[in-house]
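Let's have the full structure, built from the sequences with the hints guiding it.
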Amino acid sequence: MRERPPPLIVGAGPAGIRAAITLVAAGLRPVVVDEGHACGGQIYRQPLAADKRDDRARYGSEAAKASRLHRAFAALGGDIDYRPNTLLWNLRDGAADILRDGTSRRFAYDGLILATGATDRVLPIPGWTLPGVFTLGGAQIALKAQGCAIGRRVVFAGAGPLLYLVAWQYMKAGVDVAAVLDAAPLPAKLNLLRALPLAPGIVLRGLRMAAELAFGGTRVQFGVSGLRIEGEGRVARIVYHAGGRERAMACDGVGYGLNLRSETQAADLAGCAFRFDPRDRAHLPERDAAGRSSVAGVYLAGDGARIAGADAAEAAGERAALALLEDRGLPHDPARAADLEHVLARIDRLRDLLEAAFPFPSHGAGDIADDTLLCRCEEIRAGDARRAIARFSLTEMNRLKAVTRIGMGRCQGRMCGAAAAELLAAQTRRDIGAVGRLRAQAPIKPIPLAAGLSIDERQHDPAH
Amino acid sequence: MPLLHRLVRTDSAVIRFTIDGTPCQGRAGDTVLTAVLCHAERLRRSEFTGSPRAGFCQMGACQDCWVQLDSGERLRACTTPLAEGMHIITQRRGSHA
Amino acid sequence: MTRRIDCDVAIIGGGLVGSSAALALRGMGLSVTLLDKGFCGAQASGVNYGGVRRQGRPSEQLPLSQRAHAIWPRLQQLIGIDGEFLRSGHLKLARSADDMASLERYAAEVAPFGLDLELVGHNQLRERFGVMGDLVGGSFCPGDGHANPRLVAAAFAAAARRAGAEVLENTEVAGVSRTFEGFALEAGDVAVTARSVINSAGAWADRFARAFNEPVPLERTYPSMIVTEPLDPFLSVNIGIEGGGIYARQVARGNVVVGGERATPLDNPDYSRPHSDGALTIMQRASELFGPLRHAQAIRFWSGTEATMPDRNPVLGPSATTPGLIHAFGFSGAGFQIAPGVGEVLAELVRDGQTATPIDAFAITRFSPASQPGGALKQQ
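Going down the list, the sequences are from chains D, Y and R. The opening position of the first sequence corresponds to residue 190 in the numbering used here, with each subsequent residue numbered one higher. The opening position of the second sequence corresponds to residue 4 in the numbering used here, with each subsequent residue numbered one higher. The opening position of the third sequence corresponds to residue 3 in the numbering used here, with each subsequent residue numbered one higher.
Think of the hints as simulated: they come from the structure by calculation, not from any bench. Wrong hints could be hidden among the right ones.
[Unchecked claim] Coverage of chain D stretches by chain Y, computed from C-beta distances (three or more under 8 Å per stretch; other residues unrestricted): (1) 230 to 237; (2) 337 to 346; (3) 597 to 603.
Even glycine gets a Cβ: it sits at the ideal position worked out from N, Cα and C.
Structure representation (structure tokens):
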């Protein structure tokens, strides 16, 4: 009888780590594929080399969680088949294609837990490709993982809890944080008071950060619109509308982001059904409370399935692993599963309120100026997209992609897809959920032509 | 003036590399993106308009930081550790100035 | 409520063939309804390799191909965009003396058609075209080129719409039947009556042919393609290889499109994706053939659903069972270049019942049981 292939976990952030721990505890030896050089994902990302900062300095209030996860993952040792620095670039028919050091390999898996995480969601603004403009996540990685500031005098703009967190971390690191420009109006923040009973620690910490920023001399401005970044070859100033007039502020670095978006390409290639999610304003892979996708044996956990944060990712990673065990007929703990689902439901209610407190300024998408770059990779402007929509009577995202190249570049629409959907919906007066989503294509990220013919790790498997 | 400012690892081991032929020093633990932007204002120029780019997401998602080595090899700066002797080209041959 | 449309011609399938026929028919003043089950130009017409190539076609296709050849440079006037058509020339490579001999034979055979083929030797491949690798020579067709398929088919459909054709997307034809006066088509909440019907439904055309008692041995094939990131220009011509292997072109923006091997359908057989092995194989071959690709990155793979006939020739011409029905499908992975010519031919067939362009070799009757020495057709 041939050996049953191992389960595959994609991603070694909080969801993937907890999934791996759970599968190992049940006696399985999963393959864990992760693009990072070490575990932790983006939120608990580890530096390439020690830099004299301890976890407290690096991860702040989340240091204990980060240390616990890093240690627990390290303790798995040879109980997992861990593949760091490895890109999963295709999934098909129960086999995964991975790339490491420029060489492609393929192996069979049985059971797939996708914990692919998230990246910053953005809408294009004039000047967003200027050197010195980074996503909020990018600005945070520069500081936490590389120990660098993105400027001497920095402005953070956009929406979402990360806006205040990163600004505060920069201030604590001694950087001059000139302003926090929040797209949400102040009244939206009243939702935080409603969130207080659900997560007093998180809400109070956020309010404290905002207060410390303001007292530290940072201009905290709500209801900001009309953002524009200017400079010759690099950031020199940021211009914005607030309080009924236009203001400008000199700076040499900008962190910008509008909350997060899920990385769903692997779920798409795995054949998962998608559904529009109004809270994230995105098409997301369908899943049940346990994390089962529409495809048997494929499970979804963490921000890659829907934005819910690191704590939810941990719970969802473990819950998905329990579902895999159950579906495989292995012993699992139903009471634990129920507890985890309870935790996830509570965090989900909190996310509803946070999204209301930090709303995505989707109304701005219809106003993107025609000469603003919509697609960074292919350098397609908003006006190009609008003209194509009119000329070809377009109503659907993949047709917009086909005729304009939006989403066809190196990033496959990660950076422009949300904006292009908003723009298409606004111009055609359709609901954002009705314009469809960009279908993912392999490779999930660029791979070298000289990757070589795949080294097939399935040799033990006589079926192939 | 460089784009990034190093706050830690200022005394880590030196890694020598070049940017467009100019000798530079990075520090152990640097990504290529960090090493270049601690000296320079950009990583590359865009293919179609020649506008300067210096990365964006720093987590391997936006693909805006692909640079070339003088060997022709191409790499994503934000996810590649700096290595001794890298000769990094921030300007495509035949591209805009 | 059912919407009723009466028109001269109903066209099933809004690919490049159906869309260019719609435009040509509107030019003749006929009323047209163009129906597509999805979006016009979203299937094989829109996702093919983009080769605008006469070289390599069997000689019976060349009159039609030459007719289309005259249309490509006029796209701007015809559909409002040039479709990124580039008259780059097409270079077919020979890897062996046998393959070179085959190219020479072909050049002699098609000489009367005016393709102006030029046979080039090994040294010229590198000097003139920058092609490396273990090659004997090649055959160059200077008038051939390439274009952006995603734009061309969609632009024909848009131009047909502007010219007054009723273009109904996401409207799948559920049934079509012959009536006393013509045809009746049911498509969702639309009921169409028409004097003539064009079956240009691509990989879905066999269903409609069978409905009129004309079963055809149509097979679905799925090409496999990859595209690189934008690179400095190095490849000025559209490349093919005698005997197959890969084909490649570099677009004006710098991306290199490489095709070869076959993809396979997904669970829903209307959709397909390249296999990793196939894609890696053509990537490897391309990087061996062209130095600048050695360090290049592939950024996307794709496939499409093509209708392929056993003899690699299309089915084009009037139905043998049903007056007023015209078939145009089965272009066997080589429809992009000739499709605009096919559109004109179809319009003439509708209006005049005949065309000056020879199409007898493409008659559907070649697949009828009576004309098959082996007897009965193998049903799909």
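Violating hint indices (sorted, rising): No numbers; nothing is violated.
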